[in-house]
Every structure is written in structure tokens, then in C-alpha cells.
Amino acid sequence: MSLLVTAFDGIAFGCLLFVLAVGLTMIFGLLDVLNLAHGALYMAGGYLAFLVIGEVPTSLAVFIGVALLAVVAGLVLGGGLSVAIRPLTRRGHLDQALLTMGLAILLSEFLLQVADRGFHSLAAPRGLDGSIAGSYPAYRVAVIVAGLAIAGATFWIFERTRAGALVRAAVDDPEMLAASGVNVRRIRLSVVLAGCALATLAGVLGGPLLNLRAGLDTEVLVLALIVIVVGGLASIRGAALGALLIGQVQTLGVALVPELAAYLLFAVMAAVLLWRPAGLFGRAT
Amino acid sequence: MRESVMRGGDARMSRLTRRLAFAAALVLLAAMPYMLDAYRLDLLAGGLAYGLMAASLAFLVGHGGLPSLGHAAFLGVGAYAAGLTAKHVTPNVALQLLVAIAAGVLFALLTGWFAVRTRGFFFLMFTLAIGEIAVQAATRSTRVTGGDNGLADIPPTGLDVVTFYWWALAVVAVGFGVLVLLRDGPLGRSIAGARENEARMAALGYHVTGVRLAAVVIAGAVCAAGGALVEQKDTFVAPTHLEIGVSVLLLIMVLLGGRQTLIGPLIAGVGLIVLRSVTSTALGELWLLVEGALFVICVYLLPNGLLGRRRAQAA
Chain C
72 MSLLVTAFDG IAFGCLLFVL AVGLTMIFGL LDVLNLAHGA LYMAGGYLAF LVIGEVPTSL
132 AVFIGVALLA VVAGLVLGGG LSVAIRPLTR RGHLDQALLT MGLAILLSEF LLQVADRGFH
192 SLAAPRGLDG SIAGSYPAYR VAVIVAGLAI AGATFWIFER TRAGALVRAA VDDPEMLAAS
252 GVNVRRIRLS VVLAGCALAT LAGVLGGPLL NLRAGLDTEV LVLALIVIVV GGLASIRGAA
312 LGALLIGQVQ TLGVALVPEL AAYLLFAVMA AVLLWRPAGL FGRAT
Chain P
169 MRESVMRGGD ARMSRLTRRL AFAAALVLLA AMPYMLDAYR LDLLAGGLAY GLMAASLAFL
229 VGHGGLPSLG HAAFLGVGAY AAGLTAKHVT PNVALQLLVA IAAGVLFALL TGWFAVRTRG
289 FFFLMFTLAI GEIAVQAATR STRVTGGDNG LADIPPTGLD VVTFYWWALA VVAVGFGVLV
349 LLRDGPLGRS IAGARENEAR MAALGYHVTG VRLAAVVIAG AVCAAGGALV EQKDTFVAPT
409 HLEIGVSVLL LIMVLLGGRQ TLIGPLIAGV GLIVLRSVTS TALGELWLLV EGALFVICVY
469 LLPNGLLGRR RAQAA
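Protein sequences appear in the order of chains C and P.
If you use the working numbering, the first sequence corresponds to residues 72 to 356, in order.
If you use the working numbering, the second sequence corresponds to residues 169 to 483, in order.
By construction, these hints were calculated from the structure, which means they are not laboratory data.
Hints are not guaranteed to be accurate.
[Unchecked claim] Which stretches of chain P does chain C cover? Using the computed rule of at least three CB atoms under 8 Å from a CB of chain C, they are:
1. 283 to 295
2. 405 to 417
[To be verified] Using C-beta positions, here's what the derived DEER-type ranges look like:
3. C:Ala78 with P:Pro259: 25 to 35 Å
4. P:His256 with C:Phe226: 52 to 62 Å
5. C:Val147 with P:Met203: 47 to 57 Å
6. C:Val154 with P:Leu443: 52 to 62 Å
Only a predicted model underlies this, so the values are computations on that prediction, with no experimental measurement involved.
For every residue, glycine included, the Cβ atom is placed at its ideal position computed from N, Cα and C.
Produce the entire structure from the sequences given, and follow the hints as far as they go.
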């Protein structure tokens, strides 16, 4: 029974990871930029919420308001990121990745200076701070619902709408798309903005689950990276499956074999890379 | 000295001149105990250790074309291996160093075996993940590593500051020499070949994966040696020694010094460690902001580093 609860925790954690990883994987797919600032963006969302509402429970409306504020902050930061990265377009992938890493340090250190270096956590909003079915925290169920809703919306946009079709086309063949008169740069910009906004949103969602602290940015960044290594780059399906898998490894793994949990992540990643070097849903390039 | 090593990065400089410059710099460094007080000497020993690790990373990133984001893991492996040996086996610093190097080689084989099979972004992500997993492993294996508190009660090396400085200098000089000789030798040329044109190297009959793995093992072994020095200097090691921030610091040294040279990152390493220490009272935790800003500036303005050749850079 307790294992079932842990597995459910894993689903909640996986949903959170999906919200984070889906932006990372799409920014990569469209821009060929590995955004190592994604963890810092997550952290920015969390700290923004902490600075606005502190650690006390608020009403659901305020919590959602703060989440929307974080989305706006994500859009702004995403705009800054795409401006910052533009001069390096011709300089190769490593330099771009390194730049995002430098920006990540700046952003996360700035946040730690504005707040402080101690541990903080957001409280679940009132109404969701109780438990469901006897003892399961309601907020985790809410995270699962929110994660599924975001996943559903992402799938729907990508598979069923014209905007999604344009984005898919921009991943597959940007030259052809540009030749057909579509402004590819605008598509790229909107994907960066959306991906960054999802990251800051994830930071608010995850606030009551993961403590805000120094080093949080790297921790979630690495988990998101493992998710897309496992799932395959630029694949939403892969990000979803990878997130659920890594969510289980991180929760069930820690519960069952606490000493080996760190190595378990490595083992999963190594096994996938050996078995399918491009990830479970990745396309060989 | 600075003048001579600046030209050390220049390919046109003859081998003889370079060796002379290296020897002169070594003599000057060896004479430092007569010029500096104990505190500065200790600082310089630490700077040299980080410089050596930066040079090993430059070997991997610049020469091998393998951009690792988790190089500090090797620092940690070397430091913990040396610390555990000191605690449980022998006070002999040379034996501790050998154990650390052996551990570095093993760790490089274990992780590199997977890592070199990945390309481009996957290599970046994989090494970053290995770095973070190493931190978690060091934190969670409380019984062996002491967890978050670090490996405490390591017996002191028994060397005084001056003797330890000379020991550190010798290790750094030999380690750096090994890197340079390997880079300029046949193996180094195959590593460069695997970086420039993998398909052609494979067609020529080279085992490209093996060549890349060799680069990881060399860099890992040398970095572990530097890690052992860090542990021996302070007789302490904790998970903070292998955090991503340390990998980033090593990368800044490489970028600042120029990723196509080995001497550049070594000098930048010494310089940054000294700078960090000098400014630590004034800056405190703001140092990390400075570090981030330095990183961004390096990427924007110094694609070849301060000492790098102004040649077109291979992607």
C-alpha cells in the first residue's frame, strides 16, 4: 500500500518534470540550443512566488494569480534569453550552451541574493492543503491534474492546430518552411517564450513539493536533461514518457534502495543510450 | 615569465624555446617559498592544483573536442580516493596520489565508456548528469564519505607548508608535462584527428571510440591527481568540491585561458583561485555572481581565450 502511495508521488513528480522538460526539448528541437538556464528559470518561478506570498498558505485564487505572474516573468526572461543568444548563432553549439549556463548562474545567484540561501517551501493553497482519500496530500493530486492538463493542451496544440503544424514543420525543415513564406524566426521566438514560461510555471507548481534552496536549479535541470536524453530530443511523447519514468526512478528508487538511488538514474540513462542512442522516441540524425 | 608563457601558446615557437620557457617558469615557481609567506604559498599550491585540473579539462574540451560539463566529478573521485587512503591505509602522500589516479582512471573508464558513445548535445547532457549524480552519490553514501559533512578526521600529511608546496609543484609539473607530451605525441594526434574528422579516422582504421575514451581517461587521471592535491592541502573533502559550480569554475579557466592551449588554462586557473581568495573578504557570496558574469563575458568576447591563437575555430 505504501509503495502504491510512493508510486503515486512518482506520477506527481513526473508531471512536474514533464512541464519542465517539454519546453527544454522543444527549444532544443527548434533552435538547436541546449538551454542550460532552464533549471534557473524553474527556480525563478519558485522564488518569485516565495517573494510574493511567502511560506504561508494563500487562497487558491492568489496562488493561481502568482502562477500567472510567473508565466509573465517566464515570457520576459525567455525574451531576454533569445536576445542574448542571437549574437552567438554562428558560433556553434558549445558556445551557446555555455552562454545559457553562464546566464543560469547569474539568474540563480541573483535570486539567492534577493531572497537568502536558506531552505524555503511554498505552502499549498487553501483548499488543496488537506488530504484526499484518507491520507493522500490533495496538492499532489492537483499537480497531477495540472500536469495532465498541460500535457493534453501541448499535445492538442502540436497535433491538431495550425500553429502546432507550423512548429513541427519548423523542426523538420525550416528552410522549406521559410521558402513557403512563413516567418520561421517568429515561430522560434514563440517556442522559446512558451518553453521558458512553462519552466517558471513549473517552479511555482513545484514550490510546495521541492524545497527552494541553492543548487535547486542544477538538480531540476539535470533531471529534465535526463528526461529528454531518455525520451529523445525534440519529442513531446518522449518527454512525457521519460518524465513519468524518471519520476518513478526518483521516488520508488529512493524508497526501495535509498543508497543506490543516485546510481539508478545513471543506470537508466546509460541503458537507454546503449539500447537506443537517440532516446526512446528520438530520431537518429 | 608572463611574456615567455604568453608566447608558449604560439605554434610557431620552436620546441626548444618552449622547453626553456617551461624550465624557467618551473625554476621561478620552485623559488617561491623564498619569496612568499606561508599563507600565500598555501594559496599558490591550491591555485596550481586547480590550474592542473583546468589544463586537463582543456585537453578534453579543446584538444579532444569533448565538452564535459561534469569535470569536477574527477576532482571529487581523486580527492575522496586520496582522503580515504590517508584515513584508512597510509600517510604516504605519493601512495595516496597513486590511488587517486587509479580511481580517476577507473571512473573515467566506467563513465567514459558510455559518454564517448554519445555525440554533441548528448555528451554535454551526459557529463552534466554524471557530475550531478556524483554529487548525490557523495552526499548519500554517508558511511563511506561522511555525507554532507564531508570526509572528516583525515590525518594531516605531516609535510610543512614549504615541503607540501614543492610536492604539489612537482605533481602539477609532471601532470602538465604528461598532458603536453601526450597531446604532441601519436596518441594526441589521433585524438585531434577524431575531433576533426571522425569518419576519415575510422576509414583509416582507427578505433575512434577507443581514441575518444583514451582522451577521457588521460584527462580524468590528471584531474584526479589535482583532486588528490586539493584534499592533501586541506585534509578535507566534501560534496561541495564536486558541485556543478566547480565544473563551471574549471570551464571558466579553460575559456579564459584559451581552450586550444594547455598552458593558458593552467595560468588562468592559478590566477582565478588567487583572485577568488583575494576578493573573498570583499565579495563574499557575491563571488558567484562575479563568476557568472565572467563566464558570460568569456563566451561573448573571448572565443579563443586570452592566450588562444587567433585562428578559425573548429566547430
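Quick one: which hint numbers does this structure break? Sort them smallest to largest. Hints 3, 6 contradicted; others consistent.
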